[in-house]
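**Q** Sequence:
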Amino acid sequence: MYPDTKRIRTNRLTLRFDDYEHDLIKALANYQGEQPSTLLRQLVLREAAAALGVSDSEIVDSKAA
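Using the working numbering, read the sequence shown as starting at 2 and increasing by one per residue.
Be a bit skeptical, because a hint or two may be false.
Quick list of simulated restraints, FRET-style, between CB atoms [what the hints assert, rightly or not]:
id	residue 1	residue 2	range
1	G54	D24	31 to 41 Å
2	K7	N31	11 to 21 Å
3	A52	M2	29 to 39 Å
4	Q33	R10	17 to 27 Å
5	D24	Y3	22 to 32 Å
6	D24	M2	33 to 43 Å
7	N12	P37	15 to 25 Å
8	A49	T11	15 to 25 Å
9	T15	E35	13 to 23 Å
10	A49	D5	11 to 21 Å
11	D5	K27	30 to 40 Å
12	Y3	Y32	17 to 27 Å
13	A49	H23	20 to 30 Å
These are computed hints drawn from the structure, not numbers from a lab. These numbers were taken from a predicted model, which means no experiment stands behind them. The beta carbon of each residue, even a glycine, is placed where N, CA and C say it ideally should be.
Starting from the given sequences, assemble the full structure and let the hints guide the process.
**A** Right, dumping it as structure tokens:
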């Protein structure tokens, strides 16, 4: 059914933010027209790719489900 079953997003992580951080994230997500969780996922993966010296296009696919 899936070409690569390891690409199915079943792993979860929990992040906790104070009210100011949460408001900032919500404002940015609203400005970009995205869900906060989608925005955070893209930001985290982009930073991880930069830290590892990998092209973020290899990791982050903004059109992926």
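**Q** None of the hints should be skipped; say for each whether it holds.
**A** Hints, one by one, checked against the model:
A hinted range of 31 to 41 Å for the beta carbons of G54 and D24 is consistent with their spacing of about 33 Å. Between K7 and N31 the beta carbon distance is about 32 Å. The supplied range of 11 to 21 Å is therefore violated. Between A52 and M2 the C-beta distance comes to about 34 Å, which sits within the given range of 29 to 39 Å. Between Q33 and R10 the beta carbon distance is about 20 Å. The supplied range of 17 to 27 Å therefore holds.
For D24 paired with Y3, a C-beta distance near 37 Å fails the hint of 22 to 32 Å. Take D24 and M2: their Cβ atoms lie about 40 Å apart, and the range 33 to 43 Å holds. The hinted window of 15 to 25 Å between N12 and P37 holds, with their beta carbons roughly 18 Å apart. One distance hint, 15 to 25 Å for the beta-carbon pair A49 and T11, holds here, with the actual separation near 19 Å.
Taken as a hint, the range 13 to 23 Å holds for the pair T15 and E35, whose Cβ atoms sit roughly 20 Å apart. For the pair A49 and D5, the beta carbons lie near 19 Å from each other, so the given range of 11 to 21 Å is met. For D5 paired with K27, a C-beta distance near 33 Å keeps the hint of 30 to 40 Å intact. For Y3 and Y32, the hinted distance range of 17 to 27 Å is not satisfied, since their beta carbons lie about 33 Å from each other.
The given range of 20 to 30 Å is respected by A49 and H23, whose C-beta atoms sit roughly 22 Å from each other.
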